[in-house]
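Working from the sequences, and respecting the hints, build out all of it.
Given next are the chains, with one letter for each unit.
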Amino acid sequence: MAFALETPRIASVCSDAELIQRTGAGDRTAFEKLYKRYARPVFGLALRRLGDRGRAEDALQETFVSIWRSARTYSPERGPGAPWLYGVARNAIVDRSRARHEPAAEAPDEPSLDAGPDERAEGAWLQWRIHRALEALPEREREVIALAYWSDLSQSEVAARLGIPLGTVKTRTRAALAHLAEALEGEI
Amino acid sequence: MSRAFEDWVDVEGLSPEERGRLERVHELLLAAGPPAELPAGLERPPAQVIAFPGWRRRPWAAVLAAAALLVAASFTAGYVAGDREGGGTAVVRTAALEDSRGGRALASLRVGERYASGNWPIELTVRGLPPLTDVRAYYLLLVWRDGKPAGVCGAFRVQGSETNLHFDVPYAIDDSTRWVVTRVDPGERYPGDVVMKTV
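Chains as they are written, first to last, in this note's numbering: chain A, 819 to 1006; chain B, 8 to 206.
These are computed hints drawn from the structure, not numbers from a lab. Computed from a prediction, not measured in an experiment: that's the story for all the values here. One or more hints might be untrue.
What the hints assert, rightly or not - Cross-link-like lysine to aspartate or glutamate pairs, in silico, DMTMM-like; alpha carbons within 20 Å at most:
#, chain 1, residue 1, chain 2, residue 2
1, A, K851, B, E44
2, B, K204, B, D182
3, B, K204, A, D834
4, B, K155, B, D181
5, A, K854, A, D970
6, A, K854, A, E975
7, A, K851, A, D870
8, A, K854, B, E44
This is the structure we're talking about:
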C-alpha cells in the first residue's frame, strides 16, 4: 500500500473515546480503527432509515467524513464515544435524507402502529450498541453467534458446519453472550 | 428451530442472576437481527477522507462509454492504493487534504499508474471550498516540496458542495509527494495563498 501511515500502532483494546480523540488529532490509524468498529452499525442504521442501499452507502461515507472533521470537538467529559458517534451518524443520515427532499424511510417522528418514536429510537440505539459489541467479539465467537442466531441453523447444524462438537458451540455461545453482556453493561 | 435459551447455551453452573443476564442478551440478539453486510469496496477502511462513490459504483462498461471520464476509468480497478482487483490500472497513491486555516474544506486525491506517455492521472474531489465570486479568481492544485511549489497540477473553480476534478501531470510521484491547494485572486502573484494542504 503506497499510502504511508506514520502513526504508532494502536493497542488492540482502545476505547471509542480514545480513538475519537486520536482521530481529532489527525491520527489516521485511529480513524481506520473506528471505521472497522462502526462501519457496519452505521451502514445498518442508514439502511433502515433510508431504505436504499446507494443512499445508505453515501450516508456511511458522509458519517465518516463528519467524524474525521468533527472529532476534535469531541470531549470525553461530556460522555462516552458510542453515543457521540451515534449522533454523528444519525445527523449524517438525516442530512442525506433531506438532501433528496425525501422523508427518511423510518423517520423517528412518524406515527407507527408497532412502536412509538421513543421505542423505535431506543430500539435503534440498542441495535447499534449490539452490532457494535459484536464487532469486538473474538472471531470464533462472532462466527458462532452469526450462524446460531441469523442463519436458521440449529445448534447441531452449526456444529456440523464448523466441524466442532455441539458442546463447544454451546460453550462458545455462552462465552460470546457473556462478552456481549459485559459490553452492553448499563443497557441490559 | 428452538428459540429456547437452554437449547442454545451451555447453562451448567450458571447462577440465576448470570443466566438472567445472558438470557437478556440472547433476546436482544434475536430482536436486533443480523448486522448489515458492507458493500464491496466499503469493507475496508477508507484510504482517504472522502471516498469516490462515482468510481466505485459505476460499471466498467459505463466508464468506458463515458469518454469524458476516461481518466476515471483508469482508476476503477483499485479502491485502495496498490490494488489491482479486477484488472486495469491501479491506484498508486492516495492522499487527503485539509483546510490549512482551520476551516471545513476537505479533499481526497488519487493518483493512477503512470501512462506510457509519462503522465500521471490525478483525481481530486473537493468539499467545503467556497465558490469564488470573482470570475478571474481560481484555485490551483500544486505539488509542494520543501515549503514551496514544485509544479502546477491544474487550475480550477468549485461549485456546490463537492467538485470532482481530473488532471494529468508529468511530475514524479511517490509516497513522499505532498500537495497544496492555493487560491489566486485577481492581481495576486503565483502561487497565491495556501488554503489546503496534505494531511
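| field | Indices of hints not satisfied (ascending) | value | 3, 5, 6 and 7
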